[in-house]
Amino acid sequence: MSARKIMVLGEIGVGKSSLVRRLVHKTFEAVYNPTIGVDVYQYDVPPSETGAPVSLIVWDTDGNLGDAIFRHVYMKEAAAALIVGDATRRSTLDSMVTYASGFAEAMPGRFFGFAVNKIDLMRPGERPELPTALSRDANPLVETSALTGENVTHVFHEAARAILRRGQ
Amino acid sequence: MSSTKRRGPSSGVANRGRGVTRGERHAAIEILAAREVFGLVWLDADLVVGASYGGLVSFVTIGAPVGASVLPLLGLEANIKAVRDTTDAVFELPAVAIMSPLAPASRLNLSVIWMAGDQRYLLFVERVSHRTGLEQELAQQMRARLMAEADATELAGRLTRANRDLEAFASIVSHDLRAPMRALEYMIDELEGDLPADSTGHLGARLADIRAQAQRMSLMLRGLLEYSSAGHKDHIVAAVDTRALVEGVVASLPIASGLTVEVDGDWPVLETLAAPLDLVLRNLVGNAFKHHPGPRGHIRISAESEGDFVRIGVQDDGPGIAPEHHEVVFLPFRRLTGSEDSPGSGMGLALVQRTLEAVGGRLTLLSDPARQPGCTFVVDWPRVLPAH
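So the protein lines, in turn, are chains A and B. Quick note, the first sequence lines up with residues 1 to 168 if you use the numbering used here. Quick note, the second sequence lines up with residues 1001 to 1388 if you use the numbering used here.
These aren't lab readings, by the way, just hints derived from the structure by calculation. Any given hint could be a false lead.
DMTMM-like, lysine to aspartate or glutamate: derived pairs with alpha carbons at most 20 angstroms apart [as the list claims (entries may be wrong)]:
1. Lys26/A <-> Glu150/A
2. Lys76/A <-> Glu1092/B
3. Lys76/A <-> Asp94/A
4. Lys1290/B <-> Glu1271/B
5. Lys76/A <-> Asp1317/B
6. Lys1290/B <-> Asp1317/B
7. Lys76/A <-> Glu1247/B
8. Lys26/A <-> Glu129/A
9. Lys1290/B <-> Asp1241/B
10. Lys1290/B <-> Glu1247/B
11. Lys1290/B <-> Glu1304/B
12. Lys1081/B <-> Glu77/A
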């Protein structure tokens, strides 16, 4: 099975690690433990009607790195990125736009998608307040919840298929 | 940040005193490896693991490509091999944790060097120093604080934007409505001109009422415009003789014949904004003149030094303002019962308060008619203006 590296990017505390742990270990920890440096996971995406199986090497990054991540050795050979924001904190959604442009510049032609996380914290009928640039972006945007698992597998499987479609 | 660096001078504990024997050095390495402080992995020219040393790297699979068991190196083979082409180069991957059931969850620094003599690579795996519970807690508190600060900054930004939008709205509305109000007043002039010279009675009285309301509306619009721009105008800082200023204000305002005015106290010369100070004094003194019921009364305007401020008091002996109305009088367009017919836009005190906020000053109202008639407006005007 071929392997591809995917970066998980986003501000501090948006739930990047929780998303990845939900994906790989099917668990959720309520206690917040900040990532220092990078945590590297492996997750095998099974074959589907539209794609071959692929092993995702998931790089869960330290949100404190900010845009320095794009100049860091961590970014080398990344095939894709999942950019994460917190549905309840507008500033983190604004930062998603910055992360997207940073990744597009650092890794031109590579796929990236958006995950608006912690959707479980929204009140019934409430919607995340997305910045205009994000709501107009052509790249896929999915609302996720690491707590309930909503769309977590889906968003990574979609990324894996996009990577293979692009031949990266 | 570059992934490959030149190797620096040899690091580690300096060899002090007598020389360290090969056996002692080997023993020290064994102790450190046994304690899982570091581990060594030898890779052949194709990055296949040939051997490993130390408990920290026991998860590495001998005979398999290094990326198969050291996940962070998967896909970086070309970058690693590049160290072979550059003398003394090292490929470094700092602070990575391999989250695999097969590997330790420790945070590791990975470094790869090319050993030309052996024609193989050496992967040096070093455990990042342990964090104590206290350090971990401190790190979490720092992150939580950073997040809270980011949220507070965002909220403050939103509030600033909302205020700016509201001020812009008020400014545009008040400015644009003044033109049709002027046109309305001109039309009233024309209508009055069309009336027969001996016309009295109902029609003339109604036109006079309409004129009064139109003039009041114009006054309110002007007040709103001034209010929305308070603190945003570029006034000039200059030496201001505050006694001369207040005496000029008193002299310029119409005053009922039964009122007496006293200016006393210590009025300094300040390097300050003359126009906003004039506005503050003009409104407060004007209010004291306008709202005094007469027929006789006394207005005292005083100044004294109060730390970093000049404290100015405008005191009258009128009926005073009950404490339950103290907040209301500072709201735009609010006028107290009994003062509806007196001239003014109802913006004076709101404008004074907003101007003082803009320069870092304060406005306080002291009045309790149940205990003593009269009221005093106390202005604390800063001796030194804020930097902005």
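Status of each hint after checking the structure:
1. Between the alpha carbons of Lys26/A and Glu150/A the distance comes to roughly 12 angstroms, so the proposed pair stays at or under 20 angstroms and holds.
2. For the hint pairing Lys76/A with Glu1092/B, the CA-to-CA distance comes to about 12 angstroms; that is within 20 angstroms, so the pair holds.
3. For the hint linking Lys76/A to Asp94/A, the alpha-carbon distance of about 25 angstroms lies beyond 20 angstroms, and the restraint is violated.
4. Under the criterion of a C-alpha separation no larger than 20 angstroms, the hint pairing Lys1290/B with Glu1271/B is inconsistent with the structure, at around 31 angstroms.
5. With a CA separation close to 79 angstroms, the supplied pair Lys76/A and Asp1317/B exceeds the 20 angstroms bound.
6. At most 20 angstroms may separate the alpha-carbon atoms for a hinted pair to count; Lys1290/B and Asp1317/B meet this at roughly 13 angstroms.
7. Distance check on the hinted pair: Lys76/A and Glu1247/B sit about 74 angstroms apart at the alpha-carbon level, beyond 20 angstroms; violated.
8. Restraint check for Lys26/A and Glu129/A: the C-alpha separation of about 28 angstroms exceeds 20 angstroms, so the hint is violated.
9. The straight-line distance between the Cα atoms of Lys1290/B and Asp1241/B is roughly 26 angstroms, outside the 20 angstroms bound, and the hint therefore fails.
10. The suggested pairing of Lys1290/B with Glu1247/B holds, with an alpha-carbon distance near 17 angstroms, which does not exceed 20 angstroms.
11. With a C-alpha separation of about 25 angstroms, the suggested pairing of Lys1290/B with Glu1304/B is violated against the 20 angstroms cut-off.
12. The suggested pairing of Lys1081/B with Glu77/A holds, with an alpha-carbon distance near 14 angstroms, which does not exceed 20 angstroms.
Consistency note: the structure conflicts with the earlier hints numbered 3, 4, 5, 7, 8, 9 and 11.
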